[in-house]
Structures are given as C-alpha cells and as structure tokens.
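J.: The chain contents come next:
Protein chains: 2
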Amino acid sequence: MGEDRIRIAVAAFDGVTPLDAVGPLDVLARLPAVTVVLASRGGRPVRAEFGLELGPGAALEEVAADVLCVPGGPGVNRFLADAAAVDLLARIGGQARWVASVCTGALLLGAAGLLRGYRATTHWLSLDLLPVVEAIPVEERVVVDRNRITSAGVTAGIDLALRLAAELSGVEAARRVGLLVEYDPAPPFGAGSTRTAGPGEAAALREERTALQLERRRLLAAAAERFGPAPG
Amino acid sequence: MGEDRIRIAVAAFDGVTPLDAVGPLDVLARLPAVTVVLASRGGRPVRAEFGLELGPGAALEEVAADVLCVPGGPGVNRFLADAAAVDLLARIGGQARWVASVCTGALLLGAAGLLRGYRATTHWLSLDLLPVVEAIPVEERVVVDRNRITSAGVTAGIDLALRLAAELSGVEAARRVGLLVEYDPAPPFGAGSTRTAGPGEAAALREERTALQLERRRLLAAAAERFGPAPG
Numbered sequence: 001m002g003e004d005r006i007r008i009a010v011a012a013f014d015g016v017t018p019l020d021a022v023g024p025l026d027v028l029a030r031l032p033a034v035t036v037v038l039a040s041r042g043g044r045p046v047r048a049e050f051g052l053e054l055g056p057g058a059a060l061e062e063v064a065a066d067v068l069c070v071p072g073g074p075g076v077n078r079f080l081a082d083a084a085a086v087d088l089l090a091r092i093g094g095q096a097r098w099v100a101s102v103c104t105g106a107l108l109l110g111a112a113g114l115l116r117g118y119r120a121t122t123h124w125l126s127l128d129l130l131p132v133v134e135a136i137p138v139e140e141r142v143v144v145d146r147n148r149i150t151s152a153g154v155t156a157g158i159d160l161a162l163r164l165a166a167e168l169s170g171v172e173a174a175r176r177v178g179l180l181v182e183y184d185p186a187p188p189f190g191a192g193s194t195r196t197a198g199p200g201e202a203a204a205l206r207e208e209r210t211a212l213q214l215e216r217r218r219l220l221a222a223a224a225e226r227f228g229p230a231p232g
Numbered sequence: 001m002g003e004d005r006i007r008i009a010v011a012a013f014d015g016v017t018p019l020d021a022v023g024p025l026d027v028l029a030r031l032p033a034v035t036v037v038l039a040s041r042g043g044r045p046v047r048a049e050f051g052l053e054l055g056p057g058a059a060l061e062e063v064a065a066d067v068l069c070v071p072g073g074p075g076v077n078r079f080l081a082d083a084a085a086v087d088l089l090a091r092i093g094g095q096a097r098w099v100a101s102v103c104t105g106a107l108l109l110g111a112a113g114l115l116r117g118y119r120a121t122t123h124w125l126s127l128d129l130l131p132v133v134e135a136i137p138v139e140e141r142v143v144v145d146r147n148r149i150t151s152a153g154v155t156a157g158i159d160l161a162l163r164l165a166a167e168l169s170g171v172e173a174a175r176r177v178g179l180l181v182e183y184d185p186a187p188p189f190g191a192g193s194t195r196t197a198g199p200g201e202a203a204a205l206r207e208e209r210t211a212l213q214l215e216r217r218r219l220l221a222a223a224a225e226r227f228g229p230a231p232g
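Residue numbers (our numbering), protein chains in the order written: chain A, 1 to 232; chain B, 1 to 232.
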C-alpha cells in the first residue's frame, strides 16, 4: 500500500466493549485510501467483553498511525493500571493527526495526558471522571476540540466515526459510508440517554457501578500524578 | 448456567460484516439471563470483512439456540454456495423460538427456507433479491412477522436487537440496555437511507455492486430449487 494511505489504529485490550471498537472500525474501513488495523499489546488476540475474541492485525508497540481511536469497556480499569500500556497510547496519540475515543476510551486518552485542557466526552456514567485527568467534560454525543474527537457511550462511536470520516475524506465520502451502513437509526424505546431515560433508570445503573467507578477515579488520579507541568 | 437462560447464537463466517454481528451481540448480551455465543462452522475463528478476526465460542454444527441471529456481509455469497452450511441454519432456525437477521443475513435465512411466505427486509442493495427465496420484501428498518425479525443494513442490527430485547425480556430491560449503550443516535449527515441520500449516491453504489448482486441472485435461485412444496 502506498504511503499516502491514511493509517487508522483502533486499540484493543482485554475487556474492551466489542461495539466500541467495531463500530468505528466498520465505518472508517469503508473510506477510500484508508487502512484500519486493530492493535493490541504485543499483537495478541484480546478477550473482549461478553467472551468475544478479537484478533488484532498489529502490535501497539509498533504502530504508527495518522488516527488513533481508543474504545472503552470494563477492561479500561486493568489498562489504566498498566503504566507502560498507557505510555504507548501517549506515544501513538502524540504523533497522530487525529486522536479519537469512544465511550470510556476517553479515560485512557486522559490517563495518557492526551486530553489535558481539551473539551471531551465519554460514557455518561464516567463523565464526572474527566476532570481528574484535566479534561473539560461536555455532555454531547460527539465532541471535537482541535484534533481531539471523543464520543459518548458505545453506539456513539458510529456518529463519531462518520464525523471523523468527513474530516479525513470529505462529507461526500462520509455520506457514501452512511448509506452503505444504512445509518438511519430508529431507536424503538427512546431511552438511550439520561435526558430521555427515567431518573430511576439512570440511578439504578449508577448504583450498580459504584465500585468500578471508584476504582477508576483512583486509577486516573494515580495516572495524573505522573503528568508533567500543565501543557500550553 | 441454568436451563432457564435464553441461548442466543450469532452466526459468523468468513467475510461477515463485523458490525452486523457485533451490534446485536453487544446489545443482547446485556440482557439478564441471556447467554450469547458467536457460532461458526467447526467453531473456527473467522476472518471478517476488513481483516478483523473473530473468535467464536461455539460450532454451528452443535448449537441449539432459542434465538438464531444471522448477520450479513460480502461473505454471504460464499456461504450460499455451501449447501451444508445453509442446512445448518435451517436446522437451528427451525428449532429456535426467534429467527433474526441483520443486513444480508436475510439472504442466508432465505436460502435456508426460513423466510418463505414471511415479510422481511435486508440491506437496501439486496431488497429485490428476497422474492427469489419466496420472502415478501418490506422497505422498513426492522420487520417483524410472527417469529421472524429482520433488519436493514449493518447499523440496523442495533435497532433490531433492542426490539428483540423487548420481546425476550420486556421493554424495561430493553430500555436499560439502550441507556447502557447510549443509543441516542445523531447521524451527522443524514444520508443513511435511500430516502435521504441523493439519487446519484445510491445509483453509484448499485453500479459498483452489480457483479456481486448478480452472483447472489444466481446462488439464491439455486438454493430455492432445493425447497420442498410451499409451506403452510
């Protein structure tokens, strides 16, 4: 493949939410002159959430990418505890033209110092954690700040990928992909955000996740302690 | 796991569109008392579209499922040419409580005789092929006819999965999943269907796919020749 192809790396790790990774991958891979790879530590297959095994095409240690896209999932906590893995994201993201995250992938970008001073979003359950890594939380589905593009939870990665597709290849190419993946959504029950869900529904999920979220806060605080002086 | 769990099998094959399979899998696996497995011929890993490798958890030859969900993709043609594989779907689907497809997975259900006399949908590029397998094409995002539930292309599998979630576990459980995967879509360019795309955009894609679609028609006609007398 020629050097003028756009190289997109989607990070993968044990406990990644499969739709966080596959949504953007499936959308972005349909662009012309784009090469998308799934990249994991050592290029090893990962055990995604729900027992699905994903086989990567590259090792994070060796990837150079024009676009880094980091998905989230319950495995984010284990990833955060691995400073060497976080450093790999810092290196790849620091050299990329675009740095993207889906869902709680924003916490990984944040731990890598890649969201310091940037407006960003993440899964609604983790939005309050962004300030721990000096990011500015924004309650929108997709947030673009300079070359950082972050999305809300899971399915929002599809919206993000179409926005990014337009940035990379133009609106016409993005519309073509939208038609190929028939992205004309019709959510049947209208409860896909905290705006439309009943207050009890969101509270119940917050309650279930308390321990996971507390651990996340602690891990993010530890990552932030490694930050150098404030950027910019 | 107890026998009262709902067993959902998502079929996988070489050339499957990853988002067709992973969208419903990620949604349905979040339901209570559900076990979702990806199932392939011989339980072998499959090479999905865009080079992604998916590791299955079961063999199609051995699966018994309450719900069969069949995704689509360019690999549908090769699958159609394998009568033994199509027969596996006929067996699993014939015993399942719900038979679902995403995108051109409907052509596989059709070849297995599972859509004869049923209203169904598929990716817009393949909608005209449904009558070849005696299905009644309907241009909607999700079509339910008795215990068959079929969706339009790729991303429509998420809408289908939420509808199916409500059938399996109730609307409250489906709303909870919708909130977890934050399904509050905001398509940025509004070109996700032939209604909203310019006529030139759809025509260009039809043109590109002519050879693939002709081969599909031929393979489906061959499958239909194996059908017995009209059902019902």
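If you are wondering where the hints come from, they were derived from the structure by calculation, not from laboratory data.
Backbone N, C-alpha and C define an ideal beta-carbon position, used for all residues, glycine too.
Don't take each hint at face value.
Unchecked claim - Sample of chain A residues facing chain B (criterion: CB under 7 angstroms; computed from the structure):
{"#": "1", "residue": "Val138"}
{"#": "2", "residue": "Val154"}
{"#": "3", "residue": "Ala156"}
J.: Now tell me, hint by hint, if it's right for this structure.
T.: Now the hints, each set against the structure:
1. Val138: With a minimum Cβ separation of about 14 angstroms from chain B (threshold 7 angstroms), the hint on Val138(A) is violated.
2. Val154: Where the cut-off is 7 angstroms and the nearest Cβ of chain B is about 4 angstroms from Val154(A), the hint holds.
3. Ala156: Nearest chain B Cβ about 6 angstroms off; hint holds.
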